[in-house]
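There are 4 protein chains.
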Amino acid sequence: MDIRSVMGIRFLITGGTFDKEYNELTGELFFKDTHLSEMLKLGRCRVKVEIRTLMMIDSLDMTEQDRIMIADHCNKAAEHKIIITHGTDTMADTARFLASRVSGKTIVLTGAMIPYKFGSSDGLFNLGSAMAFVQALPPGIYVAMNGKCFNWDNVRKNKKTGEFEEIELRQD
Amino acid sequence: MDIRSVMGIRFLITGGTFDKEYNELTGELFFKDTHLSEMLKLGRCRVKVEIRTLMMIDSLDMTEQDRIMIADHCNKAAEHKIIITHGTDTMADTARFLASRVSGKTIVLTGAMIPYKFGSSDGLFNLGSAMAFVQALPPGIYVAMNGKCFNWDNVRKNKKTGEFEEIELRQD
Amino acid sequence: MDIRSVMGIRFLITGGTFDKEYNELTGELFFKDTHLSEMLKLGRCRVKVEIRTLMMIDSLDMTEQDRIMIADHCNKAAEHKIIITHGTDTMADTARFLASRVSGKTIVLTGAMIPYKFGSSDGLFNLGSAMAFVQALPPGIYVAMNGKCFNWDNVRKNKKTGEFEEIELRQD
Amino acid sequence: MDIRSVMGIRFLITGGTFDKEYNELTGELFFKDTHLSEMLKLGRCRVKVEIRTLMMIDSLDMTEQDRIMIADHCNKAAEHKIIITHGTDTMADTARFLASRVSGKTIVLTGAMIPYKFGSSDGLFNLGSAMAFVQALPPGIYVAMNGKCFNWDNVRKNKKTGEFEEIELRQD
Chain A
4 MDIRSVMGIR
14 FLITGGTFDK
24 EYNELTGELF
34 FKDTHLSEML
44 KLGRCRVKVE
54 IRTLMMIDSL
64 DMTEQDRIMI
74 ADHCNKAAEH
84 KIIITHGTDT
94 MADTARFLAS
104 RVSGKTIVLT
114 GAMIPYKFGS
124 SDGLFNLGSA
134 MAFVQALPPG
144 IYVAMNGKCF
154 NWDNVRKNKK
164 TGEFEEIELR
174 QD
Chain B
4 MDIRSVMGIR
14 FLITGGTFDK
24 EYNELTGELF
34 FKDTHLSEML
44 KLGRCRVKVE
54 IRTLMMIDSL
64 DMTEQDRIMI
74 ADHCNKAAEH
84 KIIITHGTDT
94 MADTARFLAS
104 RVSGKTIVLT
114 GAMIPYKFGS
124 SDGLFNLGSA
134 MAFVQALPPG
144 IYVAMNGKCF
154 NWDNVRKNKK
164 TGEFEEIELR
174 QD
Chain C
4 MDIRSVMGIR
14 FLITGGTFDK
24 EYNELTGELF
34 FKDTHLSEML
44 KLGRCRVKVE
54 IRTLMMIDSL
64 DMTEQDRIMI
74 ADHCNKAAEH
84 KIIITHGTDT
94 MADTARFLAS
104 RVSGKTIVLT
114 GAMIPYKFGS
124 SDGLFNLGSA
134 MAFVQALPPG
144 IYVAMNGKCF
154 NWDNVRKNKK
164 TGEFEEIELR
174 QD
Chain D
4 MDIRSVMGIR
14 FLITGGTFDK
24 EYNELTGELF
34 FKDTHLSEML
44 KLGRCRVKVE
54 IRTLMMIDSL
64 DMTEQDRIMI
74 ADHCNKAAEH
84 KIIITHGTDT
94 MADTARFLAS
104 RVSGKTIVLT
114 GAMIPYKFGS
124 SDGLFNLGSA
134 MAFVQALPPG
144 IYVAMNGKCF
154 NWDNVRKNKK
164 TGEFEEIELR
174 QD
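Protein chains in written order, with the numbering used here: chain A, 4 to 175; chain B, 4 to 175; chain C, 4 to 175; chain D, 4 to 175.
Derived from the structure by calculation, the hints contain no laboratory data.
Don't take each hint at face value.
Copies of the same chain are indistinguishable here, so a pair counts whether it falls within one copy or spans any two.
Claimed, not checked - Heads up, simulated EDC-like pairs for lysine to aspartate or glutamate below, C-alpha to C-alpha not over 16 Å straight-line:
1) 79 with 24
2) 162 with 31
3) 162 with 27
4) 160 with 27
5) 163 with 27
6) 108 with 31
7) 35 with 75
8) 160 with 82
9) 44 with 166
10) 51 with 169
11) 51 with 166
12) 79 with 64
13) 160 with 67
14) 44 with 27
15) 51 with 168
16) 163 with 36
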C-alpha cells in the first residue's frame, strides 16, 4: 500500500438500509444517526478515519443535487481513499455519476441489505470488505457488495435476488 | 482483478478464537465446528469458495507439524487465493513460516479477538476485509486484522492491546 | 401450583410486533412464521406447551370476528392456562373482549415493542414473565408487559411512552 | 397482587454465568459488572427495583460465610420481594440455606446457562420469569429456571442435562 494511505480514509455517510432503525412507537423504520463509529469499534478497526454525514436518506430519494454534493465532497477531501455508505437501490447510479466527476481517488460505495441494528445484518461484513478494497485498489470508482468489488461501469443490483452482479462478464 | 480469481477462494480453517463456543454444562470454551459458512451467508457473500477444516485448535498449541500441513495445503490447492482462519496469538508466526514454503499465491491469515458466537465479535468485519484483501492483492503472505493488511515480515500482535501492528513503520 | 398445570400451557399466536421480520428485498416489515419455538428453546424452557397460530396480523387490523375466534380457541382448549401473543396497540381491547366470553381459565396476553429478530427486543423478557404469570395466577384475563401483570379491566397502553399502565391506581 | 408489592423488588447480585464476560486479551471468562440494569432496560421493565451487588463469584466458590451474608441482606431488606441472581451449580443449595434463615418474604433465585453477553443467552427469559414469579407467589424460597418455578425443598440441577428438575414429582 502506498504512502498516500497514511492520510487515512474519509467516510461519507448518505443513509440507506445500513443505518435504519426501528421506531417502537410507530412501528416504522427511520433514520437517526449513523452506526459507523460503533461498527468500526466492534471490528477493532485501527485505520485512521474521518467520518462525515452528508445526508440520511433512502437512496431512492437521492436527487442529482445530492449526487453533486457527494461528488464535491469527494473532490474536496484531503484523503485519496473514500468510502461512501449508500442505499443499495441506486448505489450503482451514484457510482456512475461519480465516475464522470471525480478522478484520481479510490472511492468505494457500500451498504447493507439488512439494517445493522437488526442483529443479522450483512453490514459489518460489507464494511470490512469496503475498508480493505479502498486500501488495496488503485484510483477508480467501485461498488463493494456480496464480498465482491465491481467497477462502476459494470455493476447493477438484481432486484429479484437483492444481489449485485456484473452487467456482462468480462476477462479483463 | 485478474482471471485467476475466477477459480474462487480456498478457505483453510485452523480454529482460534473465531470459532470458539461456550459449553453450557462445563462453563468452558471449546471448539465444535467452524462458523465460516454461516458467516459468509450472513454477509450475503457470492464469491465462489471452498472450505476445508484442517484442525480446530488454539494457535498457542500449533506445532511445526501443523504448520507444515498448512503449507502443504496451500501449495496443493488449485486456487491461487487462500484465506486461513487462525488464532491471533501465533498468527504472525504462521505467516512467517508460510513465507518460507509457499510462493506465487495470495494468502491472507485472519481471525478474531472475540468468538463469533458471542454477539459482539470482530470476526465478521475481519472476514469481510480478508475476503477483499485476498482478491485485490498480488501474490504474497499477509495478515488481515484491525481493518489493516500487514506483510508477513512486518507484523506482530501487541499482547497488551490485543492489536496487530507493524514491527517498524516503513514507506514502501 | 395446582395439578391443572400438568396439562401444560396453550399458546395462541396472533402476530404483532413480536413476530415481525424485515424483508430485505422491499425494505418493509412483514410476517412469516412465529419465532415462539425458537424463543422457548433459547430460554431453555422445559414447560410442556402446545402452540397454535391463529393469525399473523397487526393488532390494529384485528376484527371482532378475529376476537371471537380467539375466544373460541380459549374456551375449547383442553389446557386451563393460555398465553396469547398479540400486537400491543389493541392488546387491552382483546383482553376486555375475552373477559366477557371466557371464564375459569388463566389467560395472559403478551407481546413486544421491538421485533424478536431485531436483536434488542423486549420479547424474550416478556415471554419469560408471561410464562411465569400464567402458571402462578388464578383464573382471569391478564396483560403481561413491562415486567408487570395487569388485570384486563385496569390496563391501557400509553401511546406516548409505549408502556402499559393501570387506568387507575388501586390497592386491591 | 397485594399492597406489599408497591415497595418494589430488591435484587441481590452474586455473580454466576449470568454476568460472565469474555476477556479478549486472555481468552478467559471473568466477572466485571452486573448486566442487570441493562437487561431490565432491554425488557422495558417498569417495576420499581433496587439492585445491590453482594459478590461476583462462581457459585462453586460460594462459602457458608457468603450465604450468611445473603441471608442477612434478605432479612434486612425493606422489600418483601427479593430476586437473587446466582450461579446454577449451587443455586439449589443456597435456596435450602435461605429457607432455614429467612421467612415471611418471597425470594426467587435465578441465573443463566449462557452468559448474557454471549448473544444466545437464556438470561433475559429467566429474568422475566423471576420478575413475574416474585410478584405473584406467596412468601417462600423458590428457584426460577427453565420457565418453571421450584420450591426450595424440591429442586436440583441435573448435571448431565444442565436443567433444573424436581427431586420427586408431587401433586400438591
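> Hint numbers the structure violates, sorted upward?
Replying inline: Violated: hints 1, 6, 7, 8, 12, 13 and 16.
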